[in-house]
Amino acid sequence: MKNLEEKIFKALMIFASVTILSVLLYILYVIISKGLPSLNWDMVSKIPSGGFYLGKEGGILNAILGSLILIAGSVLISMVISLPVALYINFVKRKESKFSNTLRFAFDILFGIPSIVYGAFGFMVMIYFGLQASLLGGIIAVSLLVIPIMVRSIDEVAVSVPQDLIEALKSLGATQYETLKVIVRQISPGITTAILLSIGRGIGDAATVLFTAGYSDSIPVSPMQPAATLPLAIFFQLSSPVEEVQNRAYAAALILTIIILILSFSTRYFGRKMSKSKL
Amino acid sequence: MIDTAIAAPDKPSIKQKMTIVQSLPATHLKVEGLNVYIHGKHILKDINLNIPEKKITCIIGPSGCGKTTLLRSLNRLHDDASEVKVEGQVYVGDEDIYAKNVEVTHIRKKMGLLAQRPTVLPMSIFDNVAYGPRLYGTRRRRKLYEIVKHQLQAVGLWEEVKDRLKTPAVRLSIGQQQRLCLARGLAVEPEFILGDEATSALDPLSTTKIEEMFLTLKEKYSIVLVTHTLRQAKRISDYIAFMYLGELIEFGPSGEVFSNPKHKLTREYLDGSFS
Numbered sequence: 001m002k003n004l005e006e007k008i009f010k011a012l013m014i015f016a017s018v019t020i021l022s023v024l025l026y027i028l029y030v031i032i033s034k035g036l037p038s039l040n041w042d043m044v045s046k047i048p049s050g051g052f053y054l055g056k057e058g059g060i061l062n063a064i065l066g067s068l069i070l071i072a073g074s075v076l077i078s079m080v081i082s083l084p085v086a087l088y089i090n091f092v093k094r095k096e097s098k099f100s101n102t103l104r105f106a107f108d109i110l111f112g113i114p115s116i117v118y119g120a121f122g123f124m125v126m127i128y129f130g131l132q133a134s135l136l137g138g139i140i141a142v143s144l145l146v147i148p149i150m151v152r153s154i155d156e157v158a159v160s161v162p163q164d165l166i167e168a169l170k171s172l173g174a175t176q177y178e179t180l181k182v183i184v185r186q187i188s189p190g191i192t193t194a195i196l197l198s199i200g201r202g203i204g205d206a207a208t209v210l211f212t213a214g215y216s217d218s219i220p221v222s223p224m225q226p227a228a229t230l231p232l233a234i235f236f237q238l239s240s241p242v243e244e245v246q247n248r249a250y251a252a253a254l255i256l257t258i259i260i261l262i263l264s265f266s267t268r269y270f271g272r273k274m275s276k277s278k279l
Numbered sequence: 001m002i003d004t005a006i007a008a009p010d011k012p013s014i015k016q017k018m019t020i021v022q023s024l025p026a027t028h029l030k031v032e033g034l035n036v037y038i039h040g041k042h043i044l045k046d047i048n049l050n051i052p053e054k055k056i057t058c059i060i061g062p063s064g065c066g067k068t069t070l071l072r073s074l075n076r077l078h079d080d081a082s083e084v085k086v087e088g089q090v091y092v093g094d095e096d097i098y099a100k101n102v103e104v105t106h107i108r109k110k111m112g113l114l115a116q117r118p119t120v121l122p123m124s125i126f127d128n129v130a131y132g133p134r135l136y137g138t139r140r141r142r143k144l145y146e147i148v149k150h151q152l153q154a155v156g157l158w159e160e161v162k163d164r165l166k167t168p169a170v171r172l173s174i175g176q177q178q179r180l181c182l183a184r185g186l187a188v189e190p191e192f193i194l195g196d197e198a199t200s201a202l203d204p205l206s207t208t209k210i211e212e213m214f215l216t217l218k219e220k221y222s223i224v225l226v227t228h229t230l231r232q233a234k235r236i237s238d239y240i241a242f243m244y245l246g247e248l249i250e251f252g253p254s255g256e257v258f259s260n261p262k263h264k265l266t267r268e269y270l271d272g273s274f275s
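Sequence lines, in order, name chains A and B.
Take the first sequence: its letters are residues 1 to 279, numbered as in my numbering.
Take the second sequence: its letters are residues 1 to 275, numbered as in my numbering.
To be clear, the hints were calculated from the coordinates, so they are not data collected in a lab.
Any given hint might turn out to be false.
Derived lysine-lysine pairs resembling DSBU-like cross-links, with alpha carbons at most 30 angstroms apart [claimed, not checked]:
(1) A:K181 with B:K149
(2) A:K34 with A:K46
(3) B:K143 with B:K218
(4) B:K149 with B:K109
(5) B:K110 with B:K166
(6) B:K166 with B:K143
(7) B:K234 with B:K264
(8) B:K109 with B:K54
(9) B:K166 with A:K181
(10) A:K181 with B:K109
(11) B:K110 with B:K85
(12) B:K41 with A:K93
(13) B:K45 with A:K93
(14) B:K110 with A:K95
(15) B:K110 with B:K209
(16) B:K100 with B:K85
(17) B:K85 with A:K95
(18) A:K181 with B:K85
(19) A:K93 with B:K85
(20) A:K273 with B:K166
(21) A:K95 with B:K41
(22) B:K100 with A:K181
(23) B:K100 with B:K30
(24) B:K143 with A:K181
(25) A:K273 with B:K143
(26) A:K98 with B:K41
(27) B:K149 with A:K273
(28) B:K85 with A:K98
(29) B:K262 with B:K41
(30) A:K181 with B:K162
To give an idea of the interface, some chain B residues facing chain A are shown, with a C-beta separation under 10 angstroms as derived from the structure [unchecked claim]:
(31) N75
(32) D79
(33) D80
(34) A81
(35) T105
(36) K109
(37) M111
(38) A115
(39) Q116
(40) M123
C-beta: ideal position from N, C-alpha, C; glycine also.
The following block holds chain B by itself, in its conformation from the complex (with noise of 0.2 angstroms):
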């Protein structure tokens, strides 16, 4: 029974579309008709998504239903892969990113990515949170410190590292490390944050200090999550996006979704029949 249903989902009719596209707030970012191949696989097929402004999106699925995939057609990550095609709209505003005379690097700018496993550019704790400022053009040591120390505060790194900015980054814990990738992304003050399983690297208390500062973080940013665990959805998201072999599937409130899932598939995901 439940593997007829993986084999063959069912599709969200057109009105239930309609529904998903209309029943929301205030929209920061627009995916329309999005479709993705890689090597000419249909990885992503046909999302339409509205991403609100200032709350946690989440966006669950099964490993393989293109969680990643989509999170990184959001900041143009597949810019560079030769092999994956990219189709549809995505809207920041007004502005399509995918059109022609948009810059990437002025995208990007927009969206600060914070990886699985934290990564660190080889330079001090400093330099790091420092970089994105000195590629916009902050060249004023003070004006560096002050914008180093915010964010670090911001992440709540400063009081760890404040004595060892000097340091190099990689001497930091792993869990100090994904909350300096985060100040990082914040220097470049970003609108929105993208967060690829951002914590399953970590450890749970690192996790819950990751957790605490997105609920924080969203008062001044659109906070888009890929996450594997159903219980941290639960605890942090306010809309959640429930994706099965490139489709999405349902999108909502995270409160209705989870208490009253509208497709079965999503309701068999969260039971835990599949995963």
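Chain A on its own, in the form it takes in the complex (with noise of 0.2 angstroms):
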């Protein structure tokens, strides 16, 4: 009895694993086989010519380093926010103060904000200032959508940071600016897991960016100016009706899975080294 109820919750978690895997698979499969033909060296090295709709000249090297700027931008201003609250509500504040645990509360719900509220919130603002979609509006609007994920990830780990290690400072005479120097260095891996986080949901995430970062066939050179964007240049060239167009949607698919790739293996290798030297 013991015996089959170990058998059947095992193949319960293979089924799970494989299916998710499957899917993950699967959809590689579909952003390969449709994109890889369409995909060239213009693609990437150049901008589109003869309108997106209906283009089939040129690249989407605008939405590329659009996506990119806007990803560095977002990331830089949540990391100066978020890891400043997350060390307040851990060591400033006591842990499980009243006031930490509303903060994570709150920060808990933004998480689950769809990302179009942040577009539609970011727009309003917008508007309210009488700006016009551009990639400095992108930049905030992102970064409103990746602070609670880089606050709470960071938090995650802060929360386990050990208090002998704070009292073993603190008996060394270190004053609280010199402890939280040393906590940095402490959860210096958590950092790292909260970077790759943000970056992979900023940097997917169309919705926010439609209405605060417009689009735009230029490389953006003003943050004052529309920049495109990877996910809006799938969606837009998705949207055409003619096939190559399409195609196009999969191969910019198939360029910012491997954008992602690619960032999410430097971080780690970064971070790696970083913890290496350091720790």
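Hey, can you piece these two chains together into the complex? The hints should help.
Written out as structure tokens, the structure is:
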């Protein structure tokens, strides 16, 4: 009887793992099989020509650069905000204080808000200030989207920092600021994970940037101009009636996937290198 | 019989307290009328204690009697906990460490704390020991190297780690880590070493090493140890403070306390009637 139970649960776990893996593989298969034929050097090195709805010429360099700048800006801004918040609710306030738990709850709610709401909110604010869709608007909207993820994932590791470590530092005579510096070092693997998650969520999101960053066929040169992003490039091309253009959407999806892969691996690599030399 | 003794401990009379205070050699640290409340609960009750200079003083007593609370009061580790209220005075020399104008980092520099479990900093072996000196402004590499070497030698770790000073300190064994923590504490040149059951997480061999270390270190430092093992207290202590339910019941030279405890509770505790 016990044995049977064991077997059933094992089978269920294997089934679940295989299902999720096959879905992932199928997505990759579709992207690659449809995208790879349309993928060529022009795609990644040229901006579109002949209008992006019907255009079969040129590439999506504008969207690639737009997405990269957008995510770099957003991760930077949200890190500058999230890290102090996570440190504050864990080490300045007590971990389990009412304030900290309220803040955690708030970020959990923000975490669950659909990205289109962030986009709409950003858009509303921009209208209020009389701004048009721009790269900067997109960066701010994506930052809003990403901050809850970042705070909560840094918080996750910050909670587990042992009180003993803090007391050891204090009894050496370290001030609050000096203690926090060592703590940041201690949780640096968690910070790396937070950045990874944020990149993943931010770079692939179309709804946030739809109203805020807009779309443009040219390479972004100023933060006040609209900028193209990969998710929107996929969206617009996919909604074209021309099959060739649709296939270019898959190629764009393939490029986006590769970019995320490269960013994940390099973040992990540098994260490990940093913790190796400093840990 | 024993139960009633535990429920209602006899308070040491004023006369007894007076003798406790008077029968001591050079006092390094003086606790006067220390009361500590945690969440409004009276944890330490009017503690008066003189810690002698360059001796090992062991604080013993059953769990929950306030040993650790007392130890943590000595370097103001309660400061950040808003639920803890401390009243009374603790003098190091002539200085009341709880006086308003005293800076807490200045006090803590004088007290090297050794926790129950070793907590190495997330950095290399070298940086762990150099952390304190760097805090206090030593920047020159050569000077730091000398300090690190000297302190690692003092705790008998130098020969074991001298070829891998750059490796992360977490790779050391638990026993080595605890000695590293001791070296790290010594590197800020404290006057006291406070140990909170500093050997309870260690294997017997490492425990012996740490104990031997204490016996050597007492030539330079005043050492206060909280310990759960009576045998350890017997082996290394010069003075014994016995605490029970937040009160200091008995204090004296360890030979006297162990062979001829003045107080009934002390005797019962040493006999193992309760723990």
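Now for the hints, and whether the structure bears them out:
{"no.": "1", "hint": "A:K181 with B:K149", "result": "holds, 25 angstroms"}
{"no.": "2", "hint": "A:K34 with A:K46", "result": "holds, 20 angstroms"}
{"no.": "3", "hint": "B:K143 with B:K218", "result": "holds, 25 angstroms"}
{"no.": "4", "hint": "B:K149 with B:K109", "result": "holds, 20 angstroms"}
{"no.": "5", "hint": "B:K110 with B:K166", "result": "holds, 28 angstroms"}
{"no.": "6", "hint": "B:K166 with B:K143", "result": "holds, 17 angstroms"}
{"no.": "7", "hint": "B:K234 with B:K264", "result": "holds, 19 angstroms"}
{"no.": "8", "hint": "B:K109 with B:K54", "result": "holds, 17 angstroms"}
{"no.": "9", "hint": "B:K166 with A:K181", "result": "holds, 20 angstroms"}
{"no.": "10", "hint": "A:K181 with B:K109", "result": "holds, 19 angstroms"}
{"no.": "11", "hint": "B:K110 with B:K85", "result": "holds, 22 angstroms"}
{"no.": "12", "hint": "B:K41 with A:K93", "result": "holds, 22 angstroms"}
{"no.": "13", "hint": "B:K45 with A:K93", "result": "holds, 29 angstroms"}
{"no.": "14", "hint": "B:K110 with A:K95", "result": "holds, 29 angstroms"}
{"no.": "15", "hint": "B:K110 with B:K209", "result": "holds, 24 angstroms"}
{"no.": "16", "hint": "B:K100 with B:K85", "result": "holds, 15 angstroms"}
{"no.": "17", "hint": "B:K85 with A:K95", "result": "holds, 20 angstroms"}
{"no.": "18", "hint": "A:K181 with B:K85", "result": "holds, 28 angstroms"}
{"no.": "19", "hint": "A:K93 with B:K85", "result": "holds, 18 angstroms"}
{"no.": "20", "hint": "A:K273 with B:K166", "result": "holds, 14 angstroms"}
{"no.": "21", "hint": "A:K95 with B:K41", "result": "holds, 22 angstroms"}
{"no.": "22", "hint": "B:K100 with A:K181", "result": "holds, 27 angstroms"}
{"no.": "23", "hint": "B:K100 with B:K30", "result": "holds, 18 angstroms"}
{"no.": "24", "hint": "B:K143 with A:K181", "result": "holds, 23 angstroms"}
{"no.": "25", "hint": "A:K273 with B:K143", "result": "holds, 28 angstroms"}
{"no.": "26", "hint": "A:K98 with B:K41", "result": "holds, 22 angstroms"}
{"no.": "27", "hint": "B:K149 with A:K273", "result": "holds, 27 angstroms"}
{"no.": "28", "hint": "B:K85 with A:K98", "result": "holds, 20 angstroms"}
{"no.": "29", "hint": "B:K262 with B:K41", "result": "holds, 29 angstroms"}
{"no.": "30", "hint": "A:K181 with B:K162", "result": "holds, 27 angstroms"}
{"no.": "31", "hint": "N75", "result": "holds, 6 angstroms"}
{"no.": "32", "hint": "D79", "result": "holds, 8 angstroms"}
{"no.": "33", "hint": "D80", "result": "holds, 8 angstroms"}
{"no.": "34", "hint": "A81", "result": "holds, 8 angstroms"}
{"no.": "35", "hint": "T105", "result": "holds, 4 angstroms"}
{"no.": "36", "hint": "K109", "result": "holds, 4 angstroms"}
{"no.": "37", "hint": "M111", "result": "holds, 6 angstroms"}
{"no.": "38", "hint": "A115", "result": "holds, 5 angstroms"}
{"no.": "39", "hint": "Q116", "result": "holds, 8 angstroms"}
{"no.": "40", "hint": "M123", "result": "holds, 6 angstroms"}
In the structure shown, no violation is registered for any of the earlier numbered hints.
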